[in-house]
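**Student:** Residues per chain are reported as follows:
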Amino acid sequence: MLRHVPLLTLVVMIGPVLAGVWGTFLPAFGHLPGAGLTGPSLEAFRALLAWPGLGQAVWLSVSTGILATALSLGIVVLVTAGWSGTRAFGVLQRVLAPILSVPHAAAAFGLAFLIAPSGWLARLTSPWLTGWARPPDLLIVQDPAGLAMTAGLVTKEVPFLLLMTLAALGQVQQHQRLKTARSLGYDRVTGWLKSVFPAVYRQIRLPVYVVLAYSMSVVDVALILGPTRPPSLSVQIVEWMGDPDLSMRLTAAAAALLQLGLVIGALGLWRLAEIGAACLGRAWIETGQRGGPDPALRIGGIGLGALSAAATLLALLGLLVWSVAGFWGFPNALPDAFTLRNWDRHGPGTLEAAAETFLVAGAATGIALVLVLGCLEAEHRSGRTLTTRGLWLLYLPLLVPQTAFLPGLQILLLSVGADVGRGPVILAHLVFVLPYVFLSLGEAWRAWDPRIAVVAGTLGAAPWRVFWRVRLPMLLRPILTALAVGMAVSVGQYLPTLLIGGGRVATLTTEAVALASGGDRRAIGVYGLVQTLAALLAFALAILLPALVWRNRRGLHV
Amino acid sequence: MRYLTLATALSLPMAALATPDPANWDAVLAEAEGQTVYWNAWGGSTTTNDFIAWVGDRVAEMHGVTLEHVKLTDTADAVTRVVSEKQAGEDSDGAIDLIWINGANFAAMKEADLLFGPYAEQLPNWQYVDTEDKTVRTDFTVPTEGYESPWAMAQVVFMYDTADIDAPLGSMSEILDWAKANPRRFTYPQPPDFLGTTFLKQALVDLTDDPAALQKPVTDATYDDVTAPLWAFLEELTPTLWRQGRAYPQTGPAQLQLIADGEIDLAISFSPGEATAAIANNQLPDTVRTFVLDKGTIGNASFVAIPYNSGSAAGAMVVADFLMSPEAQLRAQDPEVLGYGTVLDMDKLPQADRAAFEALDLGIATLSPAELGNVQPEPHPSWMTRIAEDWAARYGTGQ
Numbered sequence: 001m002l003r004h005v006p007l008l009t010l011v012v013m014i015g016p017v018l019a020g021v022w023g024t025f026l027p028a029f030g031h032l033p034g035a036g037l038t039g040p041s042l043e044a045f046r047a048l049l050a051w052p053g054l055g056q057a058v059w060l061s062v063s064t065g066i067l068a069t070a071l072s073l074g075i076v077v078l079v080t081a082g083w084s085g086t087r088a089f090g091v092l093q094r095v096l097a098p099i100l101s102v103p104h105a106a107a108a109f110g111l112a113f114l115i116a117p118s119g120w121l122a123r124l125t126s127p128w129l130t131g132w133a134r135p136p137d138l139l140i141v142q143d144p145a146g147l148a149m150t151a152g153l154v155t156k157e158v159p160f161l162l163l164m165t166l167a168a169l170g171q172v173q174q175h176q177r178l179k180t181a182r183s184l185g186y187d188r189v190t191g192w193l194k195s196v197f198p199a200v201y202r203q204i205r206l207p208v209y210v211v212l213a214y215s216m217s218v219v220d221v222a223l224i225l226g227p228t229r230p231p232s233l234s235v236q237i238v239e240w241m242g243d244p245d246l247s248m249r250l251t252a253a254a255a256a257l258l259q260l261g262l263v264i265g266a267l268g269l270w271r272l273a274e275i276g277a278a279c280l281g282r283a284w285i286e287t288g289q290r291g292g293p294d295p296a297l298r299i300g301g302i303g304l305g306a307l308s309a310a311a312t313l314l315a316l317l318g319l320l321v322w323s324v325a326g327f328w329g330f331p332n333a334l335p336d337a338f339t340l341r342n343w344d345r346h347g348p349g350t351l352e353a354a355a356e357t358f359l360v361a362g363a364a365t366g367i368a369l370v371l372v373l374g375c376l377e378a379e380h381r382s383g384r385t386l387t388t389r390g391l392w393l394l395y396l397p398l399l400v401p402q403t404a405f406l407p408g409l410q411i412l413l414l415s416v417g418a419d420v421g422r423g424p425v426i427l428a429h430l431v432f433v434l435p436y437v438f439l440s441l442g443e444a445w446r447a448w449d450p451r452i453a454v455v456a457g458t459l460g461a462a463p464w465r466v467f468w469r470v471r472l473p474m475l476l477r478p479i480l481t482a483l484a485v486g487m488a489v490s491v492g493q494y495l496p497t498l499l500i501g502g503g504r505v506a507t508l509t510t511e512a513v514a515l516a517s518g519g520d521r522r523a524i525g526v527y528g529l530v531q532t533l534a535a536l537l538a539f540a541l542a543i544l545l546p547a548l549v550w551r552n553r554r555g556l557h558v
Numbered sequence: 001m002r003y004l005t006l007a008t009a010l011s012l013p014m015a016a017l018a019t020p021d022p023a024n025w026d027a028v029l030a031e032a033e034g035q036t037v038y039w040n041a042w043g044g045s046t047t048t049n050d051f052i053a054w055v056g057d058r059v060a061e062m063h064g065v066t067l068e069h070v071k072l073t074d075t076a077d078a079v080t081r082v083v084s085e086k087q088a089g090e091d092s093d094g095a096i097d098l099i100w101i102n103g104a105n106f107a108a109m110k111e112a113d114l115l116f117g118p119y120a121e122q123l124p125n126w127q128y129v130d131t132e133d134k135t136v137r138t139d140f141t142v143p144t145e146g147y148e149s150p151w152a153m154a155q156v157v158f159m160y161d162t163a164d165i166d167a168p169l170g171s172m173s174e175i176l177d178w179a180k181a182n183p184r185r186f187t188y189p190q191p192p193d194f195l196g197t198t199f200l201k202q203a204l205v206d207l208t209d210d211p212a213a214l215q216k217p218v219t220d221a222t223y224d225d226v227t228a229p230l231w232a233f234l235e236e237l238t239p240t241l242w243r244q245g246r247a248y249p250q251t252g253p254a255q256l257q258l259i260a261d262g263e264i265d266l267a268i269s270f271s272p273g274e275a276t277a278a279i280a281n282n283q284l285p286d287t288v289r290t291f292v293l294d295k296g297t298i299g300n301a302s303f304v305a306i307p308y309n310s311g312s313a314a315g316a317m318v319v320a321d322f323l324m325s326p327e328a329q330l331r332a333q334d335p336e337v338l339g340y341g342t343v344l345d346m347d348k349l350p351q352a353d354r355a356a357f358e359a360l361d362l363g364i365a366t367l368s369p370a371e372l373g374n375v376q377p378e379p380h381p382s383w384m385t386r387i388a389e390d391w392a393a394r395y396g397t398g399q
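Chain order of the listed sequences is H and F.
If you read the first sequence in this note's numbering, its first letter stands for residue 1, the second for the next number, and so on.
If you read the second sequence in this note's numbering, its first letter stands for residue 1, the second for the next number, and so on.
The hints are simulated quantities; they were obtained by calculation from the structure and are not laboratory data.
Nothing here was measured: the structure is a model prediction, and the numbers come from that model.
Certain hints may be false.
Stated by the list, open to error - If you want a taste of the chain H side facing chain F, the calculated C-beta under 8 Å gives, among others: (1) P33; (2) P52; (3) G53; (4) D243; (5) L334; (6) R345; (7) A506.
C-beta atoms are modelled at their ideal positions from N, C-alpha and C, and glycine is treated no differently.
Take these sequences, add in the hints, and give me the full structure.
**Tutor:** This is how it looks when you write it as structure tokens:
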């Protein structure tokens, strides 16, 4: 039984992606029998090319994706190079970890209010500093270059990459490398970049690719912060999918294939840039140059990291204030009155959506955990570890853009008669939750000292007894953390819930994004906060539970 | 024998028969009891969401129908869904039982045979509906033929902040003049948003010399001439818009936030009572009032329709019927709730219901039916499609 778990996991995780891409492929070439269309034809691609916004939409997807990835990686590298091991780094790490679980949509709403010309920053400084009695006519949110959208992505991707980097640091003997470099007279940042970064980057390469693929094809953040004339390609795909004119769905499918091609192309480009950077880097290392703008880089790194954290925290605070705001005109720094009316109006709705959210997240994460534990235990017993190719498979669902396979998956699920609703949504969430749970738990699982199992075995415990009575309890903390990661991933899912749920599955995220289109900041504040709390709750439990369970066996847990 | 019945049933033409049959209302009520109706309606307006929740409570109490509001960001999502279901052969119990539908989507779904019916004119409360003066039997000039039932009347009004604008503006040219004198203080939702295209239609109706042409399908021969004044108007207007037209609010309610933020002073609305309701919800400053244009403004009805593959058509009809009831219509017209115009004919109502409507205080920013004045008919939907495409080509891209 256990032998088959890895294969089953693979099918559950990769199957929907491949099926979805296939389901997108057919309509792109004119085959959509339900609309009375049979292919093959290139009409959809012709229509796509005739769309006047195509060039800009493509450029927007590529430029914001690459910029967001490069900035996030740059900030993380500077912060880690300049500060890892210091107290400031510890503080930043503790602040950023919960931000990781803040859903993208909630962070984006908050950021939009923060930076808009009539936003909180402008209100806090007007009119005494800026002289603005009315908001200035500046195009900050929804700017044509997508900078607001890029900023929104960076604030969320920095914590992700930082945590991935921290995990990698543990495997590359950072301290020895750095000590050697320092003893050779290198400054902190230069030494880190020359001696530690090459090894770390090898470990975080796949997460960086995930950030790139995600940033290029994100929908919810782009809906909230991105430009609209035209929007990014992924947003346009979702719009075409919803057009009453059925032939537009073919265009959407063609655009989805283009999106897939763009992501593959950008990943290729990034890979080339890696090779180029490696060459340059090697040359730089070989010069043996000491010194450089070390203090400036250190301050810049921590500054940008702190800015990214502060933006998200202020954004969440903004949501809180709006959720209890009476009338709040510009340029008042705070509302005229505070009221619980907004919570009265929207609170009951959020509870319903929260129940649905937890049901879906709980089921998806539960299934994911069972499968991942099965895989890891099978790996442990057979002695075979995950190969590089296996790791790529694990990352595949995160690398294929959601807009490329979810529309096709929707059609496919319907055609095999799977009833729409919660079940298929849970399976769709599983595709995204599984890799994160695996990645989150895998390392801790493998780091567990196998001699403990040998000792238990010599005392007469069968393998399953070792599993249940020794390994699981000892690994309680990483298991709960993996669960929390899975829950947070599920809570934040927008497109899978919307498309696969057929609208029948209303989670906090779909409700919040639907409300965003109406622009009612009070409602958005309530939903955004509840959505964030839902994601944080699991992390809180992951921290509290082990402390309770292990309160008198502190040395035992990992 | 059973096979024979089945064979007979299969050989009957499908379209003429709505099952369950709305003419047999008791049977509909019996079948509806215990059904769950998934109503796909745009979820961006919190006041509408609250109203739909109330409708759900009432139909549950009266008829045992459970109403679930599926909140859409775009009504077209629902159409897409039904199309996918048809494609997948899901013909008997689709995800959607009721759609708050607009003219373009209705025309598309009706033409593709994706709707259940005809049912609307057999509903018990149809007897009170104003079929004379209100456009409840055509939707954007397309005959409804009983495939959708009306539940609210909408008419274009402009919301303006009296703190910044002294007097109502009487025409699109006056709006242009004001915008030139007060640049960056006006915008409209970005087409193809429904209210955005409504603004374009309203401008066209107000500016054109040939209103009769708009009632007929668009032709290549008429299009350029008839729409020329609109594009000339937009060429002048766009540079004066909020953000110089480089960005637009994505929906109607997003304009409320812009007024409250002091970013704009004037915005279009398709609901005469929206401003009053928004003031009550702290979404607008209490200095906002509304006006209509001197020549009148576009008006139309909001409809609900039932997809052909609804598994709870009986329940959906019960909801559709309740929406037309004096009780629901009165609540919808209450400015504290929605402030939507009623589809009912006051003369057809029982005395007590009529009195209740007359007693309703419409609120500070709502015009009375007399002040709303002339209702201009909607142009044929082919105009809207063509204009929206043209707008997208001219202003939709190219930052």
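**Student:** All hints are to be evaluated individually against the structure, with a verdict given for each.
**Tutor:** How the hints compare with the structure:
1. The beta carbon of P33/H comes within 6 Å of a beta carbon in chain F, closer than 8 Å, and the hint placing it at the interface holds.
2. The beta carbon of P52/H comes within 5 Å of a beta carbon in chain F, closer than 8 Å, and the hint placing it at the interface holds.
3. Below 8 Å, beta-carbon pairs count as interface contacts, and G53/H has one with chain F at about 4 Å; its hint therefore holds.
4. Against a cut-off of 8 Å between C-beta atoms, the interface hint on D243/H holds, since the closest Cβ of chain F lies about 6 Å away.
5. At its closest, the beta carbon of L334/H sits 14 Å from a beta carbon of chain F; the interface hint therefore is violated under the 8 Å criterion.
6. For R345/H, the interface hint holds, the least distance from its beta-carbon to any beta-carbon of chain F being 7 Å, beneath 8 Å.
7. The criterion of a C-beta within 8 Å of any C-beta in chain F is met by A506/H, whose closest approach is roughly 6 Å, and the hint holds.
The structure shown violates just one earlier hint, number 5.
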